[in-house]
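Here is how the chains run, residue by residue.
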Amino acid sequence: MSTTILDEAAQAPIAAVREPRKRRSSTTRKTLGDWMILVVAILIGLLIAVPFFLILINSFKSPADYNAAGPLTLPTDLYFDGMINFWQRVDFPEKLWNSFFISSVVAILAVLVSLLNAFALGIGRVRGRTWIVLLILLANMLPQEVLLYPLYFMFKSVGLYDNQWAVIIIFVVIQSAFGTYLLASVLGTFPKEILEAASLDGANKWTMLWRVVYPITKPTLSVLVIFFFIWTWNEFLIPLTFLVSNASQTVPVSIAVLQGDRLMDVTTTSASALLGLLPTLIFFLIFQRTLTRGITAGAVK
Amino acid sequence: MTKASVADAPVVARKTPGRLAARQSLIPGSTPRTFWIYLVPGLALLTLIIVVPLIWNIYLTFTDYRGIKPPEWVGLENWVKLAGDTTFWTSFSNSIAMIVAMVVVPTLLGLILAAMLFDLIGKKFGGKIASFLRATYYLPQILPGVVAAIVIGWILRPQNGALNQVLEGVGLGGLARNWLGNPDTALPSIMVIMIWVQLGYPIVIFMAALQRVDPELYEAAELDGANWIQRFRAITVSIIRPEIFVVTLTCTIAALKVFGPIYTLTGGGPGTSTIVPAYYAYSEFFQSQQVGYGATIATALTIVIAIVSVVFLMAQTRLERQEEER
Numbered sequence: 100m101s102t103t104i105l106d107e108a109a110q111a112p113i114a115a116v117r118e119p120r121k122r123r124s125s126t127t128r129k130t131l132g133d134w135m136i137l138v139v140a141i142l143i144g145l146l147i148a149v150p151f152f153l154i155l156i157n158s159f160k161s162p163a164d165y166n167a168a169g170p171l172t173l174p175t176d177l178y179f180d181g182m183i184n185f186w187q188r189v190d191f192p193e194k195l196w197n198s199f200f201i202s203s204v205v206a207i208l209a210v211l212v213s214l215l216n217a218f219a220l221g222i223g224r225v226r227g228r229t230w231i232v233l234l235i236l237l238a239n240m241l242p243q244e245v246l247l248y249p250l251y252f253m254f255k256s257v258g259l260y261d262n263q264w265a266v267i268i269i270f271v272v273i274q275s276a277f278g279t280y281l282l283a284s285v286l287g288t289f290p291k292e293i294l295e296a297a298s299l300d301g302a303n304k305w306t307m308l309w310r311v312v313y314p315i316t317k318p319t320l321s322v323l324v325i326f327f328f329i330w331t332w333n334e335f336l337i338p339l340t341f342l343v344s345n346a347s348q349t350v351p352v353s354i355a356v357l358q359g360d361r362l363m364d365v366t367t368t369s370a371s372a373l374l375g376l377l378p379t380l381i382f383f384l385i386f387q388r389t390l391t392r393g394i395t396a397g398a399v400k
Numbered sequence: 030m031t032k033a034s035v036a037d038a039p040v041v042a043r044k045t046p047g048r049l050a051a052r053q054s055l056i057p058g059s060t061p062r063t064f065w066i067y068l069v070p071g072l073a074l075l076t077l078i079i080v081v082p083l084i085w086n087i088y089l090t091f092t093d094y095r096g097i098k099p100p101e102w103v104g105l106e107n108w109v110k111l112a113g114d115t116t117f118w119t120s121f122s123n124s125i126a127m128i129v130a131m132v133v134v135p136t137l138l139g140l141i142l143a144a145m146l147f148d149l150i151g152k153k154f155g156g157k158i159a160s161f162l163r164a165t166y167y168l169p170q171i172l173p174g175v176v177a178a179i180v181i182g183w184i185l186r187p188q189n190g191a192l193n194q195v196l197e198g199v200g201l202g203g204l205a206r207n208w209l210g211n212p213d214t215a216l217p218s219i220m221v222i223m224i225w226v227q228l229g230y231p232i233v234i235f236m237a238a239l240q241r242v243d244p245e246l247y248e249a250a251e252l253d254g255a256n257w258i259q260r261f262r263a264i265t266v267s268i269i270r271p272e273i274f275v276v277t278l279t280c281t282i283a284a285l286k287v288f289g290p291i292y293t294l295t296g297g298g299p300g301t302s303t304i305v306p307a308y309y310a311y312s313e314f315f316q317s318q319q320v321g322y323g324a325t326i327a328t329a330l331t332i333v334i335a336i337v338s339v340v341f342l343m344a345q346t347r348l349e350r351q352e353e354e355r
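Order-wise, the sequence lines are chains D and R.
Numbers 100 to 400, taken from the working numbering, label the letters of the first sequence in order.
Numbers 30 to 355, taken from the working numbering, label the letters of the second sequence in order.
Please keep in mind that the hints were generated in silico from the structure rather than gathered at the bench.
Among these hints, one or two may not hold up.
BS3-like mimics (lysine-lysine), calculated; alpha carbons at most 27 angstroms apart, straight line [stated by the list, open to error]:
no. : chain 1 : residue 1 : chain 2 : residue 2
1   : D       : K129      : R       : K157
2   : D       : K129      : R       : K152
3   : R       : K110      : D       : K317
4   : R       : K98       : D       : K129
5   : R       : K110      : R       : K98
6   : D       : K317      : D       : K291
7   : R       : K98       : D       : K255
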């Protein structure tokens, strides 16, 4: 190793020319330490994934098989009744649509609100912006159970109780608090030159927001859409409180309600866990690449 | 603003960079004041959904309210009771355990794992392996809390739970126990679960941030003979500092108001061994119907969270300013 450093140092003047070759050689040259780190990283991954294997193997087990052998063994033969049972009992497609509808509307509206807020805070540099960010972050800081009583009375009085829009409005506010905080930090470092050039072209603020700021921050915005979608999908307490009728419930709420049912057997529970996890998993796998491009990719240097 | 002062602005700004530049918007010719209109929708919604309930909640802390008869004014009675309530103080000391499990360990471990995946595994074994591992680490984050509770129940349950079976299988049957039912092991078990849940969040954010790091910086440092740990401290940590702030603050808030896992796994028990402020407030609100007292616990929690956030944001703003002036 030390000889290669010396070697490269000696040839520093032509380093720029050698650059591509050098990179390739470092991807192939792996020391024992590198392999050990890889093994450790994979072991950590396996450990983290154990509960998911458990969900998978127990979803296709018959109750008798589970009672005889416990949760750790592979199913003796594939059993789909648990899944069918859960699917029919909760009318799964309906719950899936409810969750999908609420989560996507929240994700889009919350990103919109975050962008408007962050435009004023990060680019507009409104006076007292630290305090405004703090006020907005209150939505994130407040324990959710504080909201239940007051919002129950408020929504009841305007006829939005047991209406999905009540849940949507609440989560738009809660999620956009995080979005505003993050985006305002990112937009605070927005390259001034680009904005100056646009203003020389006579663009007003509204045009600049949509023609300049929006396209450049798009990678960050899409990360926020993914986060907001998954976070809203997984929310429990507020949907449980505000969506009382069966037809408006979300996937997690319907699983929890069935959990409370004493007649539920373990494999149906497991199947419900698998079905409850699959939608966000698929969503995550589809948008993995967006996540890679990154939360701060918008901040061009 | 008059035309003249707009024209003058850049000159003034150059003289005293930090302060005056901060008073300008980033768009030349637009004063910060004209941006207020963009805050209107967000702040209107915030007032309706957050500020009004918060004020109502603060009012309730001075009342005796059971949820049926109208609230009755009792002055500071709830707050006096709170100061002497051992359950309340236990719940806050458990919050510290939650901060360790949800902020300290995941952020430190997340930094190391993110740098390892990005810098070492990604470069030597290929980006595919790195992003596959990242996705695996992130899995618990996409798991609905209700579903997570079901699986953890299987793993930790005393009769034929997976963990106890594994322990017996490798001859450590003596260690098998009722993990969540025992006051000594319940809190540590919850902590391990929270580390498992949280770890993926910093990793994903840090790995995204690392893409901003100029690879030439690493190569230059490598040529200068800096080892991996030196490069990690001097380059990685300093460049992704904004993200470290965002992650630490949001995780600290989440740790202070953690509710779901306690609600689904232990209900604060056995006894009060895993009680946390948010769960204590909830049980006063909806189980004991002591709405006034529940509101007091929740308000105290909100005050603590707000103080922590103010300190954090001030520190962040100060650091950003120092950076600008440099």
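So if I understand the rule, the pair passes when the alpha-carbon distance is 27 angstroms or less; does R:K98 with D:K129 pass? 73 angstroms, violated
Between R:K98 and D:K255, does the CA-CA distance stay at or below 27 angstroms? 18 angstroms, holds
For the pair supplied as a hint, D:K129 and R:K157, confirm whether the alpha-carbon distance does not exceed 27 angstroms. The given pair, whose Cα atoms are some 17 angstroms apart, holds under the 27 angstroms limit.
What's the verdict on D:K317 and D:K291, does the C-alpha distance respect the 27 angstroms limit or exceed it? 18 angstroms, holds
Is R:K110 close enough to D:K317, meaning Cα to Cα at most 27 angstroms? Not satisfied, since the Cα-Cα distance of roughly 51 angstroms exceeds 27 angstroms.
Under the criterion that the straight-line Cα-Cα distance not exceed 27 angstroms, is the pair R:K110, R:K98 satisfied? 21 angstroms, holds
Within a Cα-Cα threshold of 27 angstroms, do D:K129 and R:K152 meet the stated pairing? Roughly 10 angstroms separates the two Cα atoms, so the pair holds.
Of the hints listed earlier, those the structure fails to meet are numbers 3 and 4, in rising order.
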